[in-house]
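**Student:** Sequence:
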Amino acid sequence: MEKRNLRKERIGVVTSNKMMKSIVVAEVKKVKHPMYGKFVLKTKKYVAHDETNDCNIGDTVKIMETRPMSKSKCWRLVEIIERAK
Numbered sequence: 105m106e107k108r109n110l111r112k113e114r115i116g117v118v119t120s121n122k123m124m125k126s127i128v129v130a131e132v133k134k135v136k137h138p139m140y141g142k143f144v145l146k147t148k149k150y151v152a153h154d155e156t157n158d159c160n161i162g163d164t165v166k167i168m169e170t171r172p173m174s175k176s177k178c179w180r181l182v183e184i185i186e187r188a189k
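Start counting the sequence shown at 105; every next residue gets the next number (the numbering used here).
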């Protein structure tokens, strides 16, 4: 039996839930500028599959890499870490 590779996991904030069974998750990280040394915020957006459709904007969620489900969707929701206030 073949061993499956480790799947990438990301933690981010839901920025859009207007699609059916899909959410947009933004991952923000601080990166040091190579020349000037100032920390710059970099944002990466992921489209993730939300089977139960229960995420709201502002929720902190964990997503995991999965097989491609559509043109832009190859991540799925693992858990909702914190609900938006």
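Note that these hints are calculated values from the structure, not bench results. Hints are supplied without guarantee of correctness; some may be wrong.
Unchecked claim - Label pairs and their calculated CB-CB ranges:
1) Pro138 to Asp158: 16 to 26 Å
2) Asn160 to Lys107: 18 to 28 Å
3) Gly141 to Thr170: 35 to 45 Å
4) Thr147 to Lys175: 18 to 28 Å
5) Glu186 to Gly141: 25 to 35 Å
6) His153 to Lys107: 31 to 41 Å
7) Met105 to Pro138: 14 to 24 Å
8) Phe143 to Met168: 20 to 30 Å
9) Gly141 to Lys189: 31 to 41 Å
10) Val132 to His153: 14 to 24 Å
11) Met139 to Glu106: 18 to 28 Å
12) Arg108 to Thr156: 38 to 48 Å
13) Arg108 to Glu183: 27 to 37 Å
14) Val182 to Met124: 29 to 39 Å
Even glycine gets a Cβ: it sits at the ideal position worked out from N, Cα and C.
**Student:** Work down the list of hints and note, for each, if the structure agrees.
**Tutor:** Hint check results:
1. Pro138 to Asp158: 16 to 26 Å: At roughly 41 Å between Cβ atoms, Asp158 and Pro138 fall outside 16 to 26 Å, so the hint is violated.
2. Asn160 to Lys107: 18 to 28 Å: Check failed, 37 Å falls outside 18 to 28 Å.
3. Gly141 to Thr170: 35 to 45 Å: Roughly 37 Å apart at Cβ, these two residues keep to the hinted range, so it holds.
4. Thr147 to Lys175: 18 to 28 Å: holds, 21 Å
5. Glu186 to Gly141: 25 to 35 Å: Check passed, 32 Å falls within 25 to 35 Å.
6. His153 to Lys107: 31 to 41 Å: violated, 24 Å
7. Met105 to Pro138: 14 to 24 Å: violated, 44 Å
8. Phe143 to Met168: 20 to 30 Å: Since the Cβ atoms of Phe143 and Met168 sit about 28 Å apart, the hinted range of 20 to 30 Å holds.
9. Gly141 to Lys189: 31 to 41 Å: holds, 34 Å
10. Val132 to His153: 14 to 24 Å: holds, 21 Å
11. Met139 to Glu106: 18 to 28 Å: violated, 45 Å
12. Arg108 to Thr156: 38 to 48 Å: violated, 25 Å
13. Arg108 to Glu183: 27 to 37 Å: violated, 20 Å
14. Val182 to Met124: 29 to 39 Å: Check failed, 20 Å falls outside 29 to 39 Å.
In the structure shown, a violation is registered for the earlier hints numbered 1, 2, 6, 7, 11, 12, 13 and 14, in ascending order.
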